[in-house]
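One-letter residues, chain by chain:
There are 2 protein chains.
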Amino acid sequence: MEKSEVNVGLLGWGTVGKSVSKILLSQRKNILKKSGVNLNLTKVAKRTMPVEGQDVDLPNNCLTTDPSEVVNGSGIDVVVELIGGVDTAFDLVTQAIENGKHVVTANKALLAERGAELFQLANQKGVFLGFEASTAGGIPIIKALRESFSGNQIQSMHGIINGTCNYILTQMHEQMTSFNVALASAQEKGYAEADPTLDIEGIDAAHKLSILSSLAYSTYLPFDKIYVEGITKITDKEIQYAKEFGYVIKLLAIAKMTDSGIEARVHPSLIPERSILANVSDAFNGVYLVGDAVGPTLFYGQGAGGMPTASAVVADIIEAGQTAVGGLVNLKTGGWTKEESSEVEISSIAEVKTRYYMRLVVRDQPSVLAEIGQVLGDCQISIAAVTQKDSQACDTVSLVIITHKALEKNMDLAREKLSKLEVVEDDFTVIRIEELDFDNT
Amino acid sequence: MEKSEVNVGLLGWGTVGKSVSKILLSQRKNILKKSGVNLNLTKVAKRTMPVEGQDVDLPNNCLTTDPSEVVNGSGIDVVVELIGGVDTAFDLVTQAIENGKHVVTANKALLAERGAELFQLANQKGVFLGFEASTAGGIPIIKALRESFSGNQIQSMHGIINGTCNYILTQMHEQMTSFNVALASAQEKGYAEADPTLDIEGIDAAHKLSILSSLAYSTYLPFDKIYVEGITKITDKEIQYAKEFGYVIKLLAIAKMTDSGIEARVHPSLIPERSILANVSDAFNGVYLVGDAVGPTLFYGQGAGGMPTASAVVADIIEAGQTAVGGLVNLKTGGWTKEESSEVEISSIAEVKTRYYMRLVVRDQPSVLAEIGQVLGDCQISIAAVTQKDSQACDTVSLVIITHKALEKNMDLAREKLSKLEVVEDDFTVIRIEELDFDNT
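From first to last, the protein sequence lines stand for chains G and Z. In terms of our numbering, the first sequence opens at residue 3 and continues consecutively. In terms of our numbering, the second sequence opens at residue 3 and continues consecutively.
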């Protein structure tokens with residue numbers, strides 16, 4: 003086996019496991035290029051074998067029902083624990099570490115309850131234990147705390163780290179619905195379990211805060227030292243009155259360094275609606291972290307779901323793999339040097355397709371909009387909205403136009419044609435629009 | 003020298019250099035604990051020696067005017083280039099790498115113009131070349147792209163990565179001032195240079211986009227392939243009309259993967275005011291990144307300034323140091339295991355001091371506010387605002403009170419006393435307020 007080859011075994015093949023295997027299989031070349039490790043998905047242990055005819059999309063002989071083939075398999079370098087729960091997961095992870103395997107887990111309950119034992123064993127055995135996916139899904143907040151902010155004293159963290167609660171509170175705020183209606187909506191959308199206790203009572207957030215604050219303050223801050231209060235007592239009245247005072251109600255996981263020690267608490271809070279954290283809505287997560295050097299920062303993204311969680315799991319698998327093969331740090335520049343560079347086309351600005359804002363100063367006469375609309379139409383540009391504004395000069399007006407998506411080269415043509423129209427008085431302004439609609443970019 | 007000891011030499015001792023030395027000297031113990039490396043600040047090369055009596059706060063014999071003592075010094079493990087400019091910096095960095103030293107730089111012009119050569123040499127020599135501070139200051143976006151999102155195809159990036167332009171556009175949007183007035187204000191606050199061309203013409207943002215998009219797409223995307231348009235043509239009219247349509251104007255650095263190739267462009271854009279990126283205001287930076295697995299994410303923080311930049315430089319120094327001593331990955335859990343845990347007090351919730359929102363249902367009679375105010379005053383709680391709301395029952399009203407900061411234990415006492423008042427009809431609601439005012443937390 004070449005030095006860059008790393009064999010990966012998964013324990014568990016639910017939503018996250020399937021997403022992890024999908025990424026490992028489809029992104030193998032890109033991952034090799036970016037990180038210098040060649041990840042082979044070698045074994046996947048699941049509770050039962052798939053029924054005949056079921057599409058599994060895994061390499062041959064990859065599936066097993068025996069987890070010991072993963073944790074004891076002689077060829078496996080990295081074990082990925084995705085079965086959840088505490089006891090069985092603990093036994094399997096312990097066995098893998100004892101065997102000298104690097105381990106990646108997304109299991110926050112395992113860490114919150116038995117993390118200290120696992121990290122101690124991992125340190126003894128000199129293996130990597132990754133847990134980026136355990137908190138805030140795809141948001142790399144663990145890496146930020148473990149690495150990026152190591153030169154900082156963390157002054158405070160305010161986390162929206164339970165997507166269920168954030169969805170419920172956002173619904174209550176935006177739709178002015180009651181707690182129960184919002185909870186039902188969360189359940190319908192799959193954001194809340196049939197028994198939502200762990201989420202709405204703040205326990206899930208407190209588990210995650212235990213992990214984040216332990217890292218931030220280099221001190222073991224167990225779950226049972228965290229003050230916890232859920233969102234079940236928040237009524238639509240509270241939401242409404244808070245709004246009138248300029249506040250939004252969020253379930254916050256808070257850790258702060260104060261003169262009298264570390265505060266660690268989870269409870270609903272009013273926060274100013276103008277703060278960037280107040281804009282973390284729906285099922286999204288956000289961690290607002292203030293360091294003495296870096297100042298205030300926000301990390302925002304999806305805190306749950308198969309693919310976002312798998313994104314974090316795969317990052318840890320790569321780091322475990324780099325540890326396994328050793329000394330690949332310089333390859334992390336992947337793509338920067340010309341030799342490594344991919345053959346990818348770089349588009350000309352002429353081929354860019356966006357919506358546009360246009361402002362034209364035109365003569366105030368009846369035909370003008372028709373003439374302009376004609377030119378735009380000839381150039382394949384259609385108008386989404388238009389308003390007329392008074393200009394300084396009394397015989398001219400400003401037209402402000404928002405277009406639908408159009409090609410830049412068509413807009414260039416339109417500008418040229420419009421500038422030749424007699425009714426267009428002045429040079430005009432064109433600014434591109436980015437809708438930031440992530441399904442649509 | 004012990005295995006964990008790493009000697010660090012700085013080239014340049016301006017604003018960032020002084021902040022870096024301050025962190026290295028004051029946070030040495032914390033950094034050792036978090037990262038396993040013991041960073042010795044050994045040499046600092048600056049242009050001229052300080053005049054007698056000037057306070058330098060550096061170890062004895064640390065200062066020199068000869069940069070070769072840093073790049074050729076036999077004891078130096080990590081060289082930190084903070085002199086700026088391209089030619090001299092390139093020569094010194096090259097020499098350091100040739101000598102097998104790990105290098106950290108914050109110099110985006112150096113990378114944008116000669117990065118490919120430097121990375122090639124670093125790869126040959128097997129040394130770490132860190133550049134987190136080159137883009138977006140203290141925000142760990144380079145690490146996110148190099149490591150956290152390696153399993154993702156980056157679909158798009160929309161970056162507000164020039165603080166000067168963002169400050170100017172925010173002033174124009176919020177104060178409705180002209181471009182020139184906003185620019186003068188930026189210059190007065192130190193956010194803009196006397197000659198602001200590099201910033202306001204989008205060139206600085208394009209340098210940074212070259213770095214970000216090269217990493218995101220594993221392809222060398224040089225500055226001269228990026229379409230660049232600055233903000234000088236944006237008038238207060240555009241800001242106002244955009245606002246009327248529900249948009250904010252920002253200078254965006256955009257990279258997108260499309261069917262026809264990679265788009266890379268810097269120009270002013272309208273973005274929806276409800277988007278989280280629109281809330282990146284003043285001199286702050288924000289990068290909105292969408293990956294196929296992770297979905298949409300936002301990284302937000304200070305993109306410039308001595309301490310935020312130093313935060314990123316120090317993170318790279320630590321990583322370079324870990325590379326220098328090798329195999330310390332398992333120590334990154336610093337603080338998680340009980341043995342590593344710091345002796346830090348964990349505050350009781352009773353000692354927490356916050357503002358409070360309270361809602362009480364009370365009898366609608368004249369004395370009520372006086373009675374409640376008396377109780378709160380007796381408990382050292384002062385009222386910041388109060389409003390009266392009609393209740394369902396005709397002889398009661400709701401009082402909504404916002405307090406100044408008070409101790410939780412005093413609030414507990416107040417709750418107990420208030421519940422005994424005859425005028426207080428019902429159980430009442432108390433929710434904590436977090437102002438998220440980072441100078442004040």
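FYI, nobody ran anything at the bench for these hints, they're computed from the structure. Any given hint might turn out to be false.
Same chains, same names: a pair is fine if it fits in one copy or spans any two.
With a straight-line Cα cutoff of 20 Å, these simulated SDA-like cross-link-like pairs (lysine to any residue) come out [claimed, not checked]:
#, residue 1, residue 2
1, K24, D366
2, K407, G263
3, K235, M259
4, K127, E203
5, K227, E437
6, K127, G328
7, K31, R357
8, K127, R30
9, K419, S220
10, K422, E119
Going down the list of hints, with the structure as the test:
no. : hint           : verdict
1   : K24 with D366  : neither (60 Å within a copy, 64 Å between copies)
2   : K407 with G263 : between (55 Å within a copy, 18 Å between copies)
3   : K235 with M259 : neither (28 Å within a copy, 46 Å between copies)
4   : K127 with E203 : neither (38 Å within a copy, 54 Å between copies)
5   : K227 with E437 : neither (44 Å within a copy, 24 Å between copies)
6   : K127 with G328 : both (16 Å within a copy, 16 Å between copies)
7   : K31 with R357  : neither (35 Å within a copy, 53 Å between copies)
8   : K127 with R30  : neither (28 Å within a copy, 26 Å between copies)
9   : K419 with S220 : neither (65 Å within a copy, 40 Å between copies)
10  : K422 with E119 : neither (76 Å within a copy, 49 Å between copies)
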